[in-house]
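Trainee: The residues making up each chain are set out below.
Protein chains: 2
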Amino acid sequence: MAEEQGITAKKEQNFSEWYTQVIQKAELADIRYNVKGFIVFQPWSVLSMEKMYKHLEKVLQKKGHNPYWFPTVIPERNFKMEASHIEGFTPEVFWVTSHGDNDPLEEKLALRPTSETAFYQMFSLWIRSHKDLPFKTYQRAQVFRYETKATRPFLRSREFHWIETHCAHATKEDAMKQVYEDMATTQEVLHDIYGLPFMFFERPEWDKFPGAERTFAADVLNPDGRVVQQPSTHLLKQSFAKAFNVKYKDKEGKDIFTWITCYGPAISRIFASVIIVHGDDKGLRFPWKIAPKEIVIAVIRPNEALTKKAEKIKEKLEEEGFSVEIDISEKSMGEKFYFWEMKGIPVRIELGEKELNEKKLGIFRRDTAKKEKIDEKELVKTIKKISQEYDKNLIEQADQLFKNKIITAKDKKGIKQGIEAGKIVKCEFCTTSNHGKNCAEWIEKEAQAFVRGTKLDETEKTKGSCVICGKKSTTIVYIARSY
Amino acid sequence: MAEEQGITAKKEQNFSEWYTQVIQKAELADIRYNVKGFIVFQPWSVLSMEKMYKHLEKVLQKKGHNPYWFPTVIPERNFKMEASHIEGFTPEVFWVTSHGDNDPLEEKLALRPTSETAFYQMFSLWIRSHKDLPFKTYQRAQVFRYETKATRPFLRSREFHWIETHCAHATKEDAMKQVYEDMATTQEVLHDIYGLPFMFFERPEWDKFPGAERTFAADVLNPDGRVVQQPSTHLLKQSFAKAFNVKYKDKEGKDIFTWITCYGPAISRIFASVIIVHGDDKGLRFPWKIAPKEIVIAVIRPNEALTKKAEKIKEKLEEEGFSVEIDISEKSMGEKFYFWEMKGIPVRIELGEKELNEKKLGIFRRDTAKKEKIDEKELVKTIKKISQEYDKNLIEQADQLFKNKIITAKDKKGIKQGIEAGKIVKCEFCTTSNHGKNCAEWIEKEAQAFVRGTKLDETEKTKGSCVICGKKSTTIVYIARSY
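From first to last, the protein sequence lines stand for chains P and F. Just so you know, we're using this note's numbering here: the first sequence kicks off at 1 and counts up by one. Just so you know, we're using this note's numbering here: the second sequence kicks off at 1 and counts up by one.
Incorrect hints may appear among the rest.
Heads up, simulated SDA-like pairs for lysine to any residue below, C-alpha to C-alpha not over 20 angstroms straight-line [to be verified]:
1. P:Lys136 with F:Pro104
2. P:Lys36 with F:Lys108
3. P:Lys63 with F:Glu325
4. F:Lys36 with P:Leu47
5. P:Lys455 with P:Glu205
6. F:Lys54 with P:Leu47
7. P:Lys293 with F:Gly64
8. F:Lys62 with P:Ile328
9. P:Lys80 with F:Gly100
10. P:Lys58 with F:Pro104
11. F:Lys11 with F:Lys403
12. P:Lys410 with P:Glu420
13. P:Lys58 with F:Glu320
14. P:Lys149 with F:Leu105
15. P:Lys149 with F:Lys403
16. F:Lys136 with P:Ile328
17. F:Lys80 with P:Ser98
18. F:Lys108 with P:Ile328
19. P:Lys108 with F:Glu325
20. P:Lys308 with F:Ser98
21. P:Lys51 with F:Trp126
22. P:Lys25 with F:Trp126
23. P:Lys51 with F:Gly64
Read the hints as simulated data drawn from the structure, not as lab findings.
Full structure from sequences and hints, please.
Mentor: Put into structure tokens, the structure is as follows:
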């Protein structure tokens with residue numbers, strides 16, 4: 001029964017092993033699929049990720065994005081239209097080249113690594129006038145990237161599940177407004193619903209999306225002090241609009257190239273952060289709104305009467321809109337409790353002979369790890385109350401993650417020490433244009449960390465010199481290790 | 001403004017042109033994507049198909065199917081495990097063979113044309129004991145088939161959107177129960193929710209799914225007398241379980257191979273039937289439950305006061321859970337009415353100066369094409385009433401499709417005449433085992449029609465001879481033209 005003993009690694013001490021065990025034991029994904037870098041997502045993660053999609057899509061639609069389903073394949077000729085895109089993505093592309101009994105296709109097709117070159121070709125057919133703008137779209141899709149780095153389930157796979165939004169605007173100002181809207185969406189969904197704290201950085205020149213004029217990305221902090229890049233939003237160079245001829249007629253009938261933005265929240269990667277940020281030594285802890293199931297009724301030494309009672313309770317709770325699982329397996333009481341705590345279900349209802357006779361129920365909350373006995377007739381009221389306060393509580397706990405995690409370094413040594421201590425290090429820096437790349441490379445080499453970028457709402461002013469090269473500082477950057 | 005004149009072809013007289021116009025003018029899909037056989041699904045179809053997915057998945061989950069996301073690619077070695085599967089599907093496979101700058105992959109990967117050979121490899125790892133059975137799964141996914149027949153949007157594309165269920169059972173009897181459950185699911189969802197009438201046939205030996213022992217498929221009838229195959233469910237041969245080693249230990253600890261079933265409702269293809277079955281000469285007619293939007297407020301000669309009023313009405317209806325669109329475009333009243341009728345939105349609310357002053361609203365129902373004036377304060381009550389009776393009405397109209405469409409043929413001439421008249425022809429037949437294939441070929445050649453199979457609940461008894469070959473008849477078959 002070793003497998004059912006729960007998680008044996010400690011999250012803070014052996015994060016990597018903890019992560020591996022949680023994914024396997026809570027049955028989130030099976031890595032034994034026989035194509036390297038591709039995994040099978042199992043029901044316990046799929047049910048949660050479907051809810052994550054639902055919340056995100058609702059917010060996007062409310063903000064005027066319309067849903068599309070584009071083909072999974074992109075012809076090579078589209079792919080070659082924009083120079084920096086070719087350079088940035090070609091190494092990662094999977095190519096479909098033949099069909100049937102090895103008959104070659106007329107043209108090689110890329111499995112989309114991202115869909116700029118599919119969308120903008122159609123944008124050129126759909127957008128005619130200034131009245132069509134802003135033209136706001138999105139699609140739910142899988143993308144494929146031939147990763148050369150080591151893959152890890154959810155964090156980095158060769159196929160992942162995401163949303164990509166693509167929008168065309170009349171002016172650069174309108175496009176930048178969209179970038180701000182994307183950042184607000186990230187706050188509304190990733191933080192307020194999924195419960196993930198993050199910081200948005202403008203990436204330095206050398207770390208932008210291929211073809212972007214400006215790139216902004218959300219970094220989530222892990223307990224081991226590394227950050228995970230989550231959604232990024234990009235103001236693209238007009239080279240895309242020009243390559244695909246995406247233009248509109250203004251009020252005077254003059255042809256103007258649009259400004260395009262795109263935004264890419266990768267649901268299956270964000271799920272990794274849900275595991276990591278909320279989980280503890282016992283396993284997963286799902287926020288209520290994205291829990292695969294919200295409640296389990298753990299029946300202690302099941303018999304017919306108890307099973308019947310459990311089904312009645314389930315029915316009652318489902319009528320109120322809650323999702324409920326019943327566990328009448330042969331496992332011992334302790335095993336059942338451990339199992340469902342590991343699976344991260346928010347509430348466990350405990351029902352045995354004693355409870356049945358006393359018309360009571362045990363209620364265990366995963367967020368506080370507290371148990372109480374309630375009168376059976378208080379059940380719905382109690383669950384409703386828990387459901388309303390659960391996520392607030394979990395988010396407050398998560399927000400603590402960033403507390404005391406940011407330190408300021410005054411010199412090179414300060415950077416190395418801060419990074420070694422698992423912090424995000426803030427310091428004065430020469431420049432995030434390509435002239436600053438040498439200093440970034442020093443950091444990479446000496447501290448195995450990366451310049452994540454600058455904060456748009458940075459309040460601190462520069463007043464000295466770059467901590468690395470000593471030249472006049474023009475900006476404040478944040479440095480961290482990353483996945 | 002030619003494009004906005006609505007549909008010019010008549011559905012009954014020029015079905016093919018009608019279908020093409022509806023897809024283009026109602027903006028369901030754009031066929032100008034530059035890979036042959038791949039199309040872009042636009043918001044008006046995606047919003048509806050998302051609802052179709054939601055209803056189907058809810059029913060599947062209620063019946064104990066758990067959701068998975070499998071990789072899009074299947075390694076060639078899996079694909080080659082089951083002989084009839086290789087033979088049946090290889091001609092249709094797209095192969096991923098290289099990555100990056102033309103570097104060959106270690107192994108060719110198939111873009112899944114269907115996922116038996118992906119699921120069952122994992123089944124062999126997941127299923128251990130009789131207690132694990134039935135093991136019921138499904139996934140929402142795209143599939144890819146290199147079709148050689150002419151493609152048509154929704155009906156036949158090289159990439160389509162479907163659900164596939166895969167289930168393993170302890171006995172053949174349990175597996176057949178699953179097949180019946182799949183047929184019941186089809187009735188509950190395709191008929192009762194999407195409003196599509198169909199007949200389930202057991203396909204003859206020569207028309208089974210590659211690797212199936214028995215294949216059952218739903219045929220939907222089109223107004224031109226052709227049928228479209230919609231979901232099919234299959235009792236697979238044990239060759240799959242044997243090829244992938246999917247077995248379980250029974251109560252005595254003996255290893256037994258499972259019996260596997262699969263079921264494949266193709267949402268994007270079923271959407272074609274939604275267009276075809278419910279549409280009329282003015283365009284689309286969506287059932288309420290799967291309408292992209294349920295209500296449009298058509299503002300007549302919009303001004304600030306009317307726009308404000310429309311927004312208030314929208315808000316009120318949205319609070320009640322309805323989805324609402326506002327049209328304050330510069331189009332004329334007539335254009336607006338035609339446009340939204342073509343788009344198939346169930347209810348149009350008409351709001352102009354007159355209505356505003358009288359505190360009245362015009363209500364137009366797309367199912368009955370009837371208009372009424374109501375007091376503004378009656379709005380929510382009226383809409384609720386319509387929403388409750390709308391689909392019943394649409395389904396009754398659709399059910400008429402099969403009325404008088406089935407005729408019995410006594411001889412070869414009767415078959416040809418019935419088929420020419422756009423009917424489904426029923427007749428006595430020698431056998432649906434491979435010995436009957438010659439007779440089926442005669443029908444194909446002489447009537448350009450196909451033996452669709454036998455009905456499981458057939459009440460009529462055979463009492464004579466095969467209408468084609470004259471030998472003793474053993475079964476009643478149904479014959480139709482098809483897409």
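Trainee: The structure should be examined with respect to each hint, and the outcome stated for every one.
Mentor: Evaluation of the provided hints:
no. : hint                   : verdict
1   : P:Lys136 with F:Pro104 : violated (38 angstroms)
2   : P:Lys36 with F:Lys108  : holds (12 angstroms)
3   : P:Lys63 with F:Glu325  : holds (14 angstroms)
4   : F:Lys36 with P:Leu47   : violated (34 angstroms)
5   : P:Lys455 with P:Glu205 : holds (14 angstroms)
6   : F:Lys54 with P:Leu47   : holds (13 angstroms)
7   : P:Lys293 with F:Gly64  : holds (14 angstroms)
8   : F:Lys62 with P:Ile328  : holds (18 angstroms)
9   : P:Lys80 with F:Gly100  : holds (13 angstroms)
10  : P:Lys58 with F:Pro104  : violated (41 angstroms)
11  : F:Lys11 with F:Lys403  : holds (18 angstroms)
12  : P:Lys410 with P:Glu420 : holds (15 angstroms)
13  : P:Lys58 with F:Glu320  : holds (17 angstroms)
14  : P:Lys149 with F:Leu105 : holds (16 angstroms)
15  : P:Lys149 with F:Lys403 : violated (62 angstroms)
16  : F:Lys136 with P:Ile328 : holds (19 angstroms)
17  : F:Lys80 with P:Ser98   : holds (17 angstroms)
18  : F:Lys108 with P:Ile328 : violated (45 angstroms)
19  : P:Lys108 with F:Glu325 : violated (41 angstroms)
20  : P:Lys308 with F:Ser98  : violated (57 angstroms)
21  : P:Lys51 with F:Trp126  : violated (25 angstroms)
22  : P:Lys25 with F:Trp126  : holds (13 angstroms)
23  : P:Lys51 with F:Gly64   : holds (19 angstroms)
When held up to the earlier numbered hints, the structure conflicts with 1, 4, 10, 15, 18, 19, 20, 21 and fits the remainder.
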